[in-house]
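There are 2 protein chains.
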Amino acid sequence: MAEKPWVRMVTAQTPTNIAVIKYWGKRDETLILPVNDSISVTLDPAHLCTTTTVAVSSSFDQDRMWLNGKEISLSGGRFQNCLREIRARACDVEDEEKGIKIAKKDWEKLHVHIASFNNFPTAAGLASSAAGFACLVFALAKLMNAKEDNSELSAIARQGSGSACRSLFGGFVKWIMGKAEDGRDSLAVQLVDEKHWDELVIIIAVVCSRQKETSSTTGMRDSVETSLLLKHRAKEVVPKRITEMEEAIKTRDFESFAQLTCADSNQFHAVCLDTCPPIFYMNDTSHRIISCVEKWNRSEGTPQVAYTFDAGPNAVLIAHNRKAATQLLQKLLFCFPPSSDTDLNSYVIGDKSILKDAGIEDMKDVEALPPPPEIKDAQRSKGDVSYFICTKPGRGPVLLSDESQALLHPETGLPK
Amino acid sequence: MAEKPWVRMVTAQTPTNIAVIKYWGKRDETLILPVNDSISVTLDPAHLCTTTTVAVSSSFDQDRMWLNGKEISLSGGRFQNCLREIRARACDVEDEEKGIKIAKKDWEKLHVHIASFNNFPTAAGLASSAAGFACLVFALAKLMNAKEDNSELSAIARQGSGSACRSLFGGFVKWIMGKAEDGRDSLAVQLVDEKHWDELVIIIAVVCSRQKETSSTTGMRDSVETSLLLKHRAKEVVPKRITEMEEAIKTRDFESFAQLTCADSNQFHAVCLDTCPPIFYMNDTSHRIISCVEKWNRSEGTPQVAYTFDAGPNAVLIAHNRKAATQLLQKLLFCFPPSSDTDLNSYVIGDKSILKDAGIEDMKDVEALPPPPEIKDAQRSKGDVSYFICTKPGRGPVLLSDESQALLHPETGLPK
Numbered sequence: 009m010a011e012k013p014w015v016r017m018v019t020a021q022t023p024t025n026i027a028v029i030k031y032w033g034k035r036d037e038t039l040i041l042p043v044n045d046s047i048s049v050t051l052d053p054a055h056l057c058t059t060t061t062v063a064v065s066s067s068f069d070q071d072r073m074w075l076n077g078k079e080i081s082l083s084g085g086r087f088q089n090c091l092r093e094i095r096a097r098a099c100d101v102e103d104e105e106k107g108i109k110i111a112k113k114d115w116e117k118l119h120v121h122i123a124s125f126n127n128f129p130t131a132a133g134l135a136s137s138a139a140g141f142a143c144l145v146f147a148l149a150k151l152m153n154a155k156e157d158n159s160e161l162s163a164i165a166r167q168g169s170g171s172a173c174r175s176l177f178g179g180f181v182k183w184i185m186g187k188a189e190d191g192r193d194s195l196a197v198q199l200v201d202e203k204h205w206d207e208l209v210i211i212i213a214v215v216c217s218r219q220k221e222t223s224s225t226t227g228m229r230d231s232v233e234t235s236l237l238l239k240h241r242a243k244e245v246v247p248k249r250i251t252e253m254e255e256a257i258k259t260r261d262f263e264s265f266a267q268l269t270c271a272d273s274n275q276f277h278a279v280c281l282d283t284c285p286p287i288f289y290m291n292d293t294s295h296r297i298i299s300c301v302e303k304w305n306r307s308e309g310t311p312q313v314a315y316t317f318d319a320g321p322n323a324v325l326i327a328h329n330r331k332a333a334t335q336l337l338q339k340l341l342f343c344f345p346p347s348s349d350t351d352l353n354s355y356v357i358g359d360k361s362i363l364k365d366a367g368i369e370d371m372k373d374v375e376a377l378p379p380p381p382e383i384k385d386a387q388r389s390k391g392d393v394s395y396f397i398c399t400k401p402g403r404g405p406v407l408l409s410d411e412s413q414a415l416l417h418p419e420t421g422l423p424k
Numbered sequence: 009m010a011e012k013p014w015v016r017m018v019t020a021q022t023p024t025n026i027a028v029i030k031y032w033g034k035r036d037e038t039l040i041l042p043v044n045d046s047i048s049v050t051l052d053p054a055h056l057c058t059t060t061t062v063a064v065s066s067s068f069d070q071d072r073m074w075l076n077g078k079e080i081s082l083s084g085g086r087f088q089n090c091l092r093e094i095r096a097r098a099c100d101v102e103d104e105e106k107g108i109k110i111a112k113k114d115w116e117k118l119h120v121h122i123a124s125f126n127n128f129p130t131a132a133g134l135a136s137s138a139a140g141f142a143c144l145v146f147a148l149a150k151l152m153n154a155k156e157d158n159s160e161l162s163a164i165a166r167q168g169s170g171s172a173c174r175s176l177f178g179g180f181v182k183w184i185m186g187k188a189e190d191g192r193d194s195l196a197v198q199l200v201d202e203k204h205w206d207e208l209v210i211i212i213a214v215v216c217s218r219q220k221e222t223s224s225t226t227g228m229r230d231s232v233e234t235s236l237l238l239k240h241r242a243k244e245v246v247p248k249r250i251t252e253m254e255e256a257i258k259t260r261d262f263e264s265f266a267q268l269t270c271a272d273s274n275q276f277h278a279v280c281l282d283t284c285p286p287i288f289y290m291n292d293t294s295h296r297i298i299s300c301v302e303k304w305n306r307s308e309g310t311p312q313v314a315y316t317f318d319a320g321p322n323a324v325l326i327a328h329n330r331k332a333a334t335q336l337l338q339k340l341l342f343c344f345p346p347s348s349d350t351d352l353n354s355y356v357i358g359d360k361s362i363l364k365d366a367g368i369e370d371m372k373d374v375e376a377l378p379p380p381p382e383i384k385d386a387q388r389s390k391g392d393v394s395y396f397i398c399t400k401p402g403r404g405p406v407l408l409s410d411e412s413q414a415l416l417h418p419e420t421g422l423p424k
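Those sequence lines, one after another, are chains A and B.
So the first sequence is numbered by our numbering: it starts at 9 and just counts up by one.
So the second sequence is numbered by our numbering: it starts at 9 and just counts up by one.
Be careful, since some hints might not be right.
Pairs count within a copy or across copies, as identical chains cannot be separated in the list.
[To be verified] Computed cross-link-like contacts, EDC-like style, restricted to lysine to aspartate or glutamate with a CA-CA straight-line distance of at most 20 Å: (1) Lys-106 with Glu-419; (2) Lys-303 with Glu-221; (3) Lys-220 with Asp-230; (4) Lys-150 with Glu-93; (5) Lys-243 with Glu-189; (6) Lys-360 with Asp-373; (7) Lys-248 with Glu-233; (8) Lys-220 with Glu-302; (9) Lys-220 with Glu-382; (10) Lys-303 with Asp-230; (11) Lys-384 with Glu-221.
To be clear, the hints were calculated from the coordinates, so they are not data collected in a lab.
Keep in mind the model is a prediction, meaning the values are calculated, not measured.
Using the sequences and the hints given, assemble the complete structure.
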């Protein structure tokens with residue numbers, strides 16, 4: 009080790025992901041081993057991602073973490089599991105420029121600082137823990153010079169948050185449930201990268217909710233213990249859907265993709281309802297969005313848009329292409345216009361070019377939108393949606409080499 | 009037959025029923041044969057029933073029917089099936105007093121008039137077709153002197169509306185799915201009469217809804233065709249629940265009764281959600297009512313109230329006894345007070361003595377209700393519930409011999 013105080017830092021950026029074949033139910037609570045395979049699409053980190061800086065220094069006297077600028081406890085088992093697993097894989101590090109040398113055996117005694125930042129609201133139910141744990145594990149692995157590939161790292165991220173394992177890759181990703189009791193074969197693999205199906209466009213409706221949702225950890229446990237339908241789903245329904253979904257993705261068969269995505273989202277929420285006490289993640293606004301998409305898809309004869317909902321009321325809508333996304337946004341803005349005190353610029357965020365394509369520049373254009381012809385007596389209701397995010401499938405984790413993007417100070421190792 | 013024009017009339021009253029183990033899915037669409045057994049409780053006809061007068065006269069030149077005073081078409085297959093089946097069982101009728109003699113063979117040529125009236129809003133989603141078809145079949149059978157018992161009649165009512173077969177008895181009723189292809193063994197039997205478990209109190213919350221619901225006929229068909237969970241439910245889950253529910257009813261085991269009733273309602277709605285396109289019968293208000301009951305039941309350690317929802321957002325709440333019903337009404341009126349323009353007298357209807365027991369005489373008493381301690385941050389929202397009906401388990405069909413209660417004129421056979 010160098011003699012004078014030093015700080016070594018790594019900054020990484022990791023995307024969120026949304027499952028199109030859902031993960032719901034653990035067969036092992038501690039190792040986070042699922043009852044079925046799942047498949048997700050990674051979302052463009054330009055609009056939804058976590059940035060994490062990890063730092064090590066001989067001057068640090070304990071492991072510390074800051075999330076969105078606020079210090080949080082690292083004492084939870086899930087953080088400790090990830091830290092322990094990465095430390096066990098640490099290797100020699102030599103930074104000639106800075107004159108730092110860390111031997112493999114030193115990592116056990118060294119402490120780390122972690123700063124993490126989401127470029128989207130943490131509380132909005134947009135899989136922040138998935139991106140967060142993926143980024144933590146990825147950044148720590150690079151800091152500690154662990155040689156494991158992203159699939160091997162995914163099995164560690166999995167122990168922080170199940171769905172985090174799928175954020176180690178871009179494009180479409182499969183989390184293989186595995187069979188081993190120690191969970192070593194329960195990891196993510198990339199099915200196709202983000203360039204394979206690049207015409208897809210994703211619009212997320214962040215839905216207002218009066219209720220606090222059941223945490224997915226609690227919900228899953230209750231479902232495993234009480235739902236008589238979950239076992240049937242995991243054993244009989246999902247395996248077939250996984251095969252069909254892989255084929256639909258490989259061949260870019262949007263019709264099959266949409267049918268499977270919608271059916272699997274609905275079945276996951278059906279299992280939640282079959283749980284005792286029942287869990288309701290979708291609300292009336294979620295139902296209206298589904299109804300809007302279903303009616304349009306039916307009127308077109310072939311699906312234009314797939315919908316999927318995680319453990320909350322937000323809709324993730326995957327449009328076949330840019331044209332479908334443009335029409336979808338028009339329909340959504342007709343049914344869910346912004347409140348009078350919201351400006352359009354903060355109501356549709358992310359890739360705003362979709363808004364431009366839709367011919368919508370200001371509130372007058374929103375007001376002038378025609379009612380979707382396929383919806384009888386289409387009603388407009390303000391205040392049911394907080395905002396929309398326009399995005400697309402995106403890439404996996406990357407290292408940010410530009411030190412100005414680091415969240416920790418290069419000399420103190422404390423938040424900037 | 010008598011020579012001068014005559015009218016022979018029969019008036020009957022038949023209750024509605026609510027399933028506690030649900031019927032969802034037909035294996036034969038025309039005969040209305042279900043995919044599983046179901047069990048219901050009959051509701052007190054004093055608060056929810058259909059009254060039907062059927063008349064026959066040699067002067068009638070066609071079959072006609074009036075529902076709630078308005079003539080409706082009898083051309084539908086379901087009406088025709090019921091009429092045909094009862095006509096096939098008609099026997100000789102002799103009314104010495106009126107000098108009427110109708111021979112068995114005459115019934116084929118004679119026409120009937122039918123007038124039917126619900127003592128509750130038809131559109132409120134309170135099983136009006138169940139009470140309606142049960143009453144039609146029961147009244148026609150008496151008019152035509154058919155010798156069949158109520159179970160045999162239930163197999164005919166079933167062909168009008170599946171759940172109608174369960175309205176031929178009071179108390180708790182089981183609809184046996186049967187095995188025969190012609191449906192002759194798919195009929196209702198009484199498990200226990202209404203006196204067996206007479207401490208139960210039922211409160212129905214008629215919930216406001218912005219949406220038109222999917223008809224249960226369409227919904228069931230879609231579920232049978234598309235839900236991968238329905239088959240598992242019908243084959244693996246329901247048979248066991250039927251046995252357990254029969255036992256719970258026989259032994260008046262409220263804890264098991266409530267657990268089974270709630271779980272089966274939730275599973276039925278889970279199957280609806282697993283249907284393509286998904287069907288949502290419950291809305292945010294329904295969810296809030298469930299949450300309210302679940303929290304209370306949990307805080308008490310043992311269930312006080314069971315909930316069940318049919319193909320709509322209305323909650324049917326079955327309280328263990330009068331004390332539980334009184335507390336339930338207080339909690340409901342706290343969470344769902346009447347709108348400013350609604351008076352309490354029309355907001356809580358049916359057996360108003362529950363309201364009195366709850367110490368609520370006017371709006372001031374409603375406003376003074378304490379928040380349920382088991383609900384954190386309990387919110388009060390006006391306008392989500394249209395009204396509450398307080399009732400209890402009730403008796404089966406009866407004949408009304410008092411001619412003043414007939415809905416048709418004794419001389420003309422036309423609506424009074």
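Hints versus structure:
no.: 1; hint: Lys-106 with Glu-419; verdict: within (12 Å within a copy, 110 Å between copies)
no.: 2; hint: Lys-303 with Glu-221; verdict: between (28 Å within a copy, 15 Å between copies)
no.: 3; hint: Lys-220 with Asp-230; verdict: within (17 Å within a copy, 32 Å between copies)
no.: 4; hint: Lys-150 with Glu-93; verdict: within (13 Å within a copy, 79 Å between copies)
no.: 5; hint: Lys-243 with Glu-189; verdict: within (18 Å within a copy, 32 Å between copies)
no.: 6; hint: Lys-360 with Asp-373; verdict: within (15 Å within a copy, 53 Å between copies)
no.: 7; hint: Lys-248 with Glu-233; verdict: between (24 Å within a copy, 18 Å between copies)
no.: 8; hint: Lys-220 with Glu-302; verdict: between (27 Å within a copy, 16 Å between copies)
no.: 9; hint: Lys-220 with Glu-382; verdict: between (33 Å within a copy, 16 Å between copies)
no.: 10; hint: Lys-303 with Asp-230; verdict: between (33 Å within a copy, 15 Å between copies)
no.: 11; hint: Lys-384 with Glu-221; verdict: between (32 Å within a copy, 14 Å between copies)
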